[in-house]
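Asks: What follows is the residue order along each chain.
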Amino acid sequence: MKALLDLIVGDAQADRAVPPNGMTARLTVFVAAVMAFLAVIALSVSFTTTRLADTWAQDLAQSATLRLPADPVQADALLLSALDVLETTPGVSRVRALSTSEQQALLEPWFGPDLPLEDLPVPQLIEIVADGDGYDADGLRARLTAQVPGAVLDDHTAWREPLLDAAGRLRMIGAFVLILIAATVGAMITLAAQASLAANVQVIRVLRLVGATDLYIARAFVRRYTLRAGLGALVGTIIGVVVLQLMPNTDTVGSLLMNVGVEGTEWLWVILLPLLTAIVAFFATRAAALRRLKEQT
Amino acid sequence: MIELDKVSYGYGDTALFSQLSLTLAPGSFHFLTGPSGAGKTTLLRLCYADLRATAGKVRLFGQDAAALDRDEVAMSRRRIGVVHQDCQFLDHLSIAENIALPLTVSDRAAEASANLQELLNWVGLDAQAGQRPPELSGGERQRAALARAVIVSPEIIIADEPTGNVDWEMSQRLLALLVELNKMGKTILIATHDLAMIRSMKADVSARVLRLKDGQLLQAGAEL
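If you read the sequences in order, they're chains C and S. Each residue of the first sequence is one higher than the last, beginning at 1 in this note's numbering. Each residue of the second sequence is one higher than the last, beginning at 1 in this note's numbering.
It is worth saying that the hints were derived from the structure and are not from the lab. Even glycine gets a Cβ: it sits at the ideal position worked out from N, Cα and C. Hints may be right or wrong, so weigh each one.
Listed below are several chain C residues computed to face chain S (Cβ distance under 8 Å; list not exhaustive) [stated by the list, open to error]:
1. Asp15
2. Ala17
3. Asn21
4. Arg208
5. Leu209
6. Gly211
Turn these sequences into a full structure, and let the hints steer you where they fit.
Replies: Next comes the structure, spelled out in structure tokens:
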């Protein structure tokens, strides 16, 4: 960390000892900018999917559905019994039987708009909303079995767990993509630094003849590539943020998948991207320079 | 300060010299002569650890040069000022920056401003301070190389054909500067094939003249 602080304070004299190289400078800035841009996009997609999964999982965890047997003769009695059981269950904050039109709306995607629901044996659905602590699902099932035979309680566990699992995998993929981007930046900086070191053999020889240590010579290259990578990453990050701001959001499009972006403390990661890129460049160049200088002894 | 003890060196299977011994005592003045290809430059490079002897020992300030790591070699070189035949400048820097380079790489850049002007005056390059090395004449470059060699106030100054690319008048000026440094207590080792130049200096300085020929280092005598 001290070395990084020294770098920020800078050693312009060491930097000047190495002649400027326009092509590698521009390529380093360009690649760092592209990688930072991709990192912003990867971060925002990862954050968005995580947020969506969390929201969906939370919603599903708070709600459940009770399905009553499709028995036209006992329908009303079963509904009353079920409501009685649910309303007296601790942890259940709200219970609501879905109306015929609501059930019809649910079936409409599969059966079309003109479904004569009243003529079909469609089971009655009851929406259950739990309070903060939730309810004892196993206890409720036992009571329902006794008092409302044939009722099926769906607490959405079957949906929630795969969703959480998928969200976890998406987070891992996002992290893996970021690691790949960091590794690519490191590899690219290493190659550029090595090319620059090879092109400056005579400069290195002169510096050594006048008493420069390996660390001093390395500092000239490290400072240069760290600052270039940091600058490129800053530009790429700004472009990435601008692109995110241009994405449509739910208010205008109405789709959750369109709400790609960064919120709240997630911005910290985006803001840190140029610094993290500079840190990667710092260590990559330092390692490449010291290795190369050792080889050139 | 610098001691070569039965040192051998060769390129590939060809031995340039063997069992060669030399001691540079503090404040001494040495000329190293010999025909082209005799190994004068190689011998000098051994003296500032730019090459490693294939046999024997090179001691820099009491330390075995072969045992020094790269940082220790760098530290030793800060005590040795070297004037290269081809000057070895960084062409993208100004002459002033090149002269200050040994201070800069020693993290003593702050001292440069005071020493630099004095040195530029001393070698007569005030007007050329901002120019780049390719813009200077051979003599100006050699004087700049000498200024760079002495800016860190080294204990030893090693010069490889410092007058090789300059006219007689300029060579006398450069040698006068080296004699002046020797009178200030610096140890001087100059490699040259110019015997006339050595003869011209004999009255001004008590110098030991060594001749490197056929792999042997001998005290020069009658030819001078």
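Asks: Mind checking the CB of C:Ala17 against every CB in chain S and telling me if the closest is under 8 Å?
Replies: Hint holds; C:Ala17 Cβ to chain S Cβ min 7 Å, cut 8 Å.
Asks: Measuring from the C-beta of C:Arg208 to each C-beta in chain S, is the shortest one below 8 Å?
Replies: Because about 7 Å separates C:Arg208 from the closest Cβ in chain S, which is inside the 8 Å limit, the hint holds.
Asks: With 8 Å as the cut and Cβ atoms as the points, is C:Gly211 at the interface with chain S?
Replies: Since chain S brings a Cβ to about 4 Å from C:Gly211, closer than 8 Å, the hint holds.
Asks: Is the interface hint for C:Asn21 satisfied, with its Cβ closer than 8 Å to some Cβ of chain S?
Replies: 11 Å, violated
Asks: Should the interface hint for C:Asp15 be scored as holding, given a Cβ-Cβ cut-off of 8 Å against chain S?
Replies: 11 Å, violated
Asks: Does the CB of C:Leu209 sit less than 8 Å away from some CB of chain S?
Replies: 6 Å, holds
When each numbered hint is compared with the structure, violations occur for hints 1, 3.
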